[in-house]
Structures are given as C-alpha cells and as structure tokens.
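Guided by the hints, dock chain B onto chain A, whose structure is given.
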Amino acid sequence: MSNLLLLLAVVLLSTSQVLQKVGAARRLAGKQKPSEWIAALFSPELLTAIVCIVAGTALWLAVLYRMDVSRAFPFLSLTTVLVMAASRFLLGEPVSWHRWAGVLLIAGGIALVAST
Amino acid sequence: MTRAPWIGAAALSASIVLSALGQLGMKAGMQNLKLARAGGEIAWSALSTPPLRDAVFFTTAGLVAYGLSLLAWLAVLVRYRLSYAYPLLALSYVLVYAGATQWPALAEVPTPQRTIGTLLILAGVALASLTGGRASR
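Taken in sequence, the protein lines are chains A and B. Here our numbering is used: position 112 in the first sequence is 111, and no number is missing along the way. Here our numbering is used: position 69 in the second sequence is 83, and no number is missing along the way.
Some hints could be false.
Computed from the model, here is a short list of chain A residues facing chain B with C-beta under 10 Å [claimed, not checked]:
#1 38
#2 41
#3 43
#4 54
#5 97
Some but not every residue of chain A turned toward chain B, in silico, with C-beta under 7 Å [stated by the list, open to error]:
#6 20
#7 42
#8 79
#9 82
#10 111
Computed spacing ranges between beta-carbons, pair by pair [as the list claims (entries may be wrong)]:
#11 B:133 - A:30: 22 to 32 Å
#12 B:64 - A:87: 44 to 54 Å
#13 B:129 - A:36: 32 to 42 Å
#14 A:107 - B:19: 28 to 38 Å
#15 A:65 - B:124: 15 to 25 Å
#16 B:112 - A:4: 20 to 30 Å
#17 B:53 - A:90: 45 to 55 Å
#18 B:61 - A:30: 17 to 27 Å
#19 B:53 - A:91: 31 to 41 Å
#20 A:30 - B:121: 23 to 33 Å
#21 B:62 - A:24: 44 to 54 Å
#22 B:52 - A:30: 41 to 51 Å
#23 B:60 - A:30: 27 to 37 Å
These aren't lab readings, by the way, just hints derived from the structure by calculation. Here the structure is a predicted model, which is why all the values come from computation and not from measurement. Note that the Cβ used here is the ideal one computed from N, Cα and C, for glycine as well.
One chain only, chain A, in its complex shape (with noise of 0.2 Å):
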C-alpha cells in the first residue's frame, strides 16, 4: 500500500516539475516584481502545477508517516527518470548520453536502497 501511494506520488510530483517548467518559461521569463510573481503562480500552467505538487505532497506525507525517511526518500528520484524523460520528448530539450548514464546510476542507487 505504501508503495502504491509512493509510485502515485511521484507520477504527480514529476507532472508538476514539467509544468512548472512550462509556466517559470511562459509567465516568469524576464519577471522582477514580486505582483508580477504572485500574478503569475495563478497561471493555468503554475496553478496546475501547485495542485499536483501539493496533491504528490500529501500522498508523500502518508508515505512518511509509515517508512523511514532515509528509505523513502530515494523513491523520490524515480522522478528524475521520469523528469529527463519529459524534459527530452515533451519539452524537446537536448540530452547528452552522460545525462542519461547519470539518470541510469542514479536509478541503479535507488533499486540497492530500496531493496533493504
């Protein structure tokens, strides 16, 4: 169950980064007022963004209530597989075969601490 809660939390947290990516380039680009800020988190793309990022919050704290941080924690770099992943097909960054090879370790030292 915890585990299920975890995956549904990163799904959600890696959803926000892409849109909030989206929204600091649309909305936030070349912005220095703090009104100009305030105004643009209630953009389509940064309200969205925040929804999820507090919807994943919330699931996350559930998890944490039951598992160690220092295992849980982790889990949450699944999101950086999925995150470079966005960031290369939907956003149509380029990426070096080191940042992939970084994605694949980085994925690698997850598995060994999520299997103690």
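Okay, now just chain B, sitting in the frame of chain A:
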C-alpha cells in the same frame, strides 16, 4: 541571463538545502504525531505538551521550508533547462540521509547498502549535471 549568474547559483543552493530541511522537518513531525497517537485518543489540551506540540511545530516548519524551496526552484527554472537542473536537486538526498542518521530526533540507522546506494545516486547526479555544460535555457 548573463546579468547576474550568482542569482541562479544561489537559487539552486537554496532549493537544495531548503528541500532537505523540509523533508527532515516533515519526518520529525510525522514521528511525533505517531508518538502522540500511541498514547490513545488525542485531546486538544495535548497541543501544549511535547509529542503533539512538536508534531505541529516540525510539520509546519517542514512545510514552510518546502514552500520556500519551491519558490527558489521557480527562480532556477527561469534560468536553466529542466534536464540540467533537476538531477542537481538529488544532492538534497545526501543531506537528508546525513540528517536522518545524525540528527538525534530521527536517529535512523545507516546501513552499508543504503550508504552505497546514496553514493551511487550522487555519482549519477555528478554525471548528469556536472558534465556537458550549464545549459541555460
């Protein structure tokens, strides 16, 4: 963004440190909540005594740190590609692991396997983000 490169670096550092503090705070909060509930039904009067009072304090502090790390993160995303910046956030894993095992309030037991796994994650972060340029958007 050639204007002030240190802002990007400062925002990145703030995101990493605040995110680790947020995780540790939330975990300490949940731990105290568990302690408070172990004593049976929770009464409002219990808010002024340690387990529940600390649960509220640490959870709130953790959420505030987490919220601030999100704002700093948006400042990062304005300046850098997501595929460059995101792996760097994993540096906070190391801080969380160190904090969870060294902070007496959590006192989690380090194991060789978790330590190696955490180091592997660190190596992956280094490979992913410290090579191949800074990649501003």
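Hint check:
{"no.": "1", "hint": "38", "verdict": "13 Å, violated"}
{"no.": "2", "hint": "41", "verdict": "13 Å, violated"}
{"no.": "3", "hint": "43", "verdict": "15 Å, violated"}
{"no.": "4", "hint": "54", "verdict": "14 Å, violated"}
{"no.": "5", "hint": "97", "verdict": "5 Å, holds"}
{"no.": "6", "hint": "20", "verdict": "4 Å, holds"}
{"no.": "7", "hint": "42", "verdict": "12 Å, violated"}
{"no.": "8", "hint": "79", "verdict": "6 Å, holds"}
{"no.": "9", "hint": "82", "verdict": "5 Å, holds"}
{"no.": "10", "hint": "111", "verdict": "3 Å, holds"}
{"no.": "11", "hint": "B:133 - A:30: 22 to 32 Å", "verdict": "39 Å, violated"}
{"no.": "12", "hint": "B:64 - A:87: 44 to 54 Å", "verdict": "49 Å, holds"}
{"no.": "13", "hint": "B:129 - A:36: 32 to 42 Å", "verdict": "40 Å, holds"}
{"no.": "14", "hint": "A:107 - B:19: 28 to 38 Å", "verdict": "33 Å, holds"}
{"no.": "15", "hint": "A:65 - B:124: 15 to 25 Å", "verdict": "20 Å, holds"}
{"no.": "16", "hint": "B:112 - A:4: 20 to 30 Å", "verdict": "26 Å, holds"}
{"no.": "17", "hint": "B:53 - A:90: 45 to 55 Å", "verdict": "50 Å, holds"}
{"no.": "18", "hint": "B:61 - A:30: 17 to 27 Å", "verdict": "41 Å, violated"}
{"no.": "19", "hint": "B:53 - A:91: 31 to 41 Å", "verdict": "55 Å, violated"}
{"no.": "20", "hint": "A:30 - B:121: 23 to 33 Å", "verdict": "44 Å, violated"}
{"no.": "21", "hint": "B:62 - A:24: 44 to 54 Å", "verdict": "47 Å, holds"}
{"no.": "22", "hint": "B:52 - A:30: 41 to 51 Å", "verdict": "48 Å, holds"}
{"no.": "23", "hint": "B:60 - A:30: 27 to 37 Å", "verdict": "45 Å, violated"}
Checked against the numbered hints given earlier, this structure breaks hints 1, 2, 3, 4, 7, 11, 18, 19, 20 and 23; the rest are met.
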